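Read top to bottom, the protein sequences are chains A and B.
With our numbering applied, the first sequence covers 1 to 225.
With our numbering applied, the second sequence covers 1 to 248.
If you are wondering where the hints come from, they were derived from the structure by calculation, not from laboratory data.
Treat the numbers as computed from the prediction; the structure is a model and nothing was measured.
Heads up, some of the hints might be wrong.
To be verified - Derived lysine-lysine pairs resembling DSS-like cross-links, with alpha carbons at most 27 Å apart: (1) B/K139 with A/K131; (2) A/K33 with B/K139; (3) B/K139 with A/K38.
What the hints assert, rightly or not - Here are the simulated distance ranges between beta carbons: (4) B/T167 with A/H69: 13 to 21 Å; (5) B/N222 with A/L129: 41 to 49 Å; (6) B/G35 with A/A132: 51 to 59 Å; (7) A/R128 with B/I228: 53 to 61 Å; (8) B/R210 with A/P210: 22 to 30 Å; (9) A/P22 with B/Y8: 35 to 43 Å; (10) B/R61 with A/K134: 50 to 58 Å; (11) B/L247 with A/V10: 12 to 20 Å; (12) A/A176 with B/G211: 17 to 25 Å; (13) B/T176 with A/R128: 47 to 55 Å; (14) A/R206 with B/N225: 42 to 50 Å; (15) B/M1 with A/P136: 24 to 32 Å; (16) B/R210 with A/E37: 20 to 28 Å.
Stated by the list, open to error - Now the stretches of chain B that chain A is said to cover, found in silico as 3 or more residues with beta-carbon under 8 Å: (17) 56 to 65; (18) 193 to 206; (19) 222 to 236.
Glycine included, every Cβ here is placed at the ideal spot set by N, Cα and C.
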Amino acid sequence: MHIMEGFLPVSHAIGWSAASAPFVAYGLYTINKRIKEKPEQRMLLGVAAAFTFVLSALKMPSVTGSSSHPTGTALGAILFGPSAMAPIGMVVLLFQALLLAHGGLTTLGANIFSMAIVGPFAAAAIFRLAKAAKLPFGTSIFLAASLADLLTYVTTSAQLAFAFPDPIGGFAASFAKFATLFAITQIPLAISEGLLTVVVMNALARFNAPELQDLNVTTTLEVKA
Amino acid sequence: MLTEQSAYSNRWRRISPVAKGLFALSGIIAAFAAGSTRTALLIAIVVSAISIFGAGVPLIRYLRVVTPPLLFLLVSTLSLMISIDFGTSASGLSLHLAESDFPRIAQAASRSLACLTALLFLALTTPLSDIISLLRRCKVPETLLDLMTLCYRTLFVLSEAVHDTMTAQSARLGYTTLSISMRSLGGLVSSLIVQVWQRSLALNNAAEARGNDGAFRFLENNYDNTRISISIAIVSGSIIVALAAILT
Numbered sequence: 001m002h003i004m005e006g007f008l009p010v011s012h013a014i015g016w017s018a019a020s021a022p023f024v025a026y027g028l029y030t031i032n033k034r035i036k037e038k039p040e041q042r043m044l045l046g047v048a049a050a051f052t053f054v055l056s057a058l059k060m061p062s063v064t065g066s067s068s069h070p071t072g073t074a075l076g077a078i079l080f081g082p083s084a085m086a087p088i089g090m091v092v093l094l095f096q097a098l099l100l101a102h103g104g105l106t107t108l109g110a111n112i113f114s115m116a117i118v119g120p121f122a123a124a125a126i127f128r129l130a131k132a133a134k135l136p137f138g139t140s141i142f143l144a145a146s147l148a149d150l151l152t153y154v155t156t157s158a159q160l161a162f163a164f165p166d167p168i169g170g171f172a173a174s175f176a177k178f179a180t181l182f183a184i185t186q187i188p189l190a191i192s193e194g195l196l197t198v199v200v201m202n203a204l205a206r207f208n209a210p211e212l213q214d215l216n217v218t219t220t221l222e223v224k225a
Numbered sequence: 001m002l003t004e005q006s007a008y009s010n011r012w013r014r015i016s017p018v019a020k021g022l023f024a025l026s027g028i029i030a031a032f033a034a035g036s037t038r039t040a041l042l043i044a045i046v047v048s049a050i051s052i053f054g055a056g057v058p059l060i061r062y063l064r065v066v067t068p069p070l071l072f073l074l075v076s077t078l079s080l081m082i083s084i085d086f087g088t089s090a091s092g093l094s095l096h097l098a099e100s101d102f103p104r105i106a107q108a109a110s111r112s113l114a115c116l117t118a119l120l121f122l123a124l125t126t127p128l129s130d131i132i133s134l135l136r137r138c139k140v141p142e143t144l145l146d147l148m149t150l151c152y153r154t155l156f157v158l159s160e161a162v163h164d165t166m167t168a169q170s171a172r173l174g175y176t177t178l179s180i181s182m183r184s185l186g187g188l189v190s191s192l193i194v195q196v197w198q199r200s201l202a203l204n205n206a207a208e209a210r211g212n213d214g215a216f217r218f219l220e221n222n223y224d225n226t227r228i229s230i231s232i233a234i235v236s237g238s239i240i241v242a243l244a245a246i247l248t
């Protein structure tokens with residue numbers, strides 16, 4: 001869920017940018033550390049950013065029949081780690097603004113916060129929790145991907161409600177309004193994205209075990225022969 | 001991507017990105033400074049007219065680029081205009097228009113429109129490689145710039161891979177039903193992930209073979225009359241901001 005360019009008041013635009021900045025800085029720090037440890041991964045995250053951009057241009061079959069596009073936040077968080085997703089997400093969102101006029105420069109901070117910080121960290125946390133609860137691999141992936149999508153849209157609703165509180169009901173009424181309106185498109189999208197992520201991870205585990213081992217994902221999943 | 005075509009072929013391609021960036025920035029500042037809906041709309045018209053007549057972006061292409069975000073803006077504005085009542089009315093849940101809020105919504109929507117034209121001005125006149133070099137001047141961290149450079153280079157390679165794979169899959173009826181298309185898409189994405197891995201290793205080998213051991217280095221492009229164009233951008237940008245501040 002992107003927030004349109006110029007849609008947020010100036011104080012909110014600056015506030016969300018300030019809120020996202022430490023996460024991006026920390027992400028860059030972890031990327032630098034990672035490159036020092038594994039120099040062969042130097043190009044990996046840049047190519048991963050292109051992958052995320054291309055992924056967001058794909059049309060995904062949705063359960064209700066309407067088509068929507070995958071966000072790839074959970075997939076990225078599981079494959080490349082949640083902290084690396086903040087700078088990657090920043091690059092992707094900037095490119096979407098400049099190449100597709102989707103999202104914007106002034107709302108970059110707010111969009112980074114919902115899509116490149118809340119989404120990936122939620123996905124990684126849920127994935128870890130599900131694993132600790134000994135849920136099957138597919139279920140853990142599905143929960144991580146779909147719940148991360150839902151949390152992303154809840155964050156966007158909260159950001160919009162915070163900027164545009166209801167004249168009578170205030171923040172709560174406005175938040176309920178946005179959450180309800182967006183639920184129509186976002187809940188089917190979350191389910192589709194969850195299913196797609198499961199299919200992707202299963203295909204990867206079946207056909208590309210060596211690559212997953214190099215990405216350090218194999219410790220988190222059983223590779224089927 | 002249509003914005004790319006214009007970015008490389010417009011009349012102002014050879015003008016310093018600093019000047020174009022400054023002008024886009026002042027457009028955004030003016031959009032936020034605008035006191036009324038009318039002023040913001042005026043800014044939107046002026047900035048888009050400059051992109052079309054000044055930079056020579058064809059009108060048809062401009063319209064095609066601006067339509068998707070405009071639809072998105074329409075949806076966002078409509079969602080602001082509707083107010084949902086939970087439980088206070090007899091029927092439990094009711095929809096009505098938030099009429100008292102209309103002036104504020106109109107202001108947000110027009111500001112958004114003006115900002116959009118400023119963003120499009122930059123996107124349609126300046127290729128991303130120029131924007132990256134502009135960011136390099138602004139002392140953006142090298143790691144982030146490298147991410148952007150790599151992303152920009154690989155973007156088109158991966159889009160082509162997606163296009164080819166999808167053609168092959170469709171030729172084998174891979175997108176006929178919902179469950180089959182989900183499986184095809186899953187296969188497509190997972191093969192793409194493997195490509196990400198393999199291509200990044202190949203890129204790394206290529207870079208190491210050429211002795212690259214750190215950040216990417218690029219030669220700065222030379223632009224004609226940089227000083228003059230920057231001064232023009234500052235003057236015209238200030239005029240727009242001043243107009244936005246004065247007009248009510």
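To test your reading of the hints: which numbers does this structure violate? 1, 5, 12, 13, 14, 15, 17 and 19
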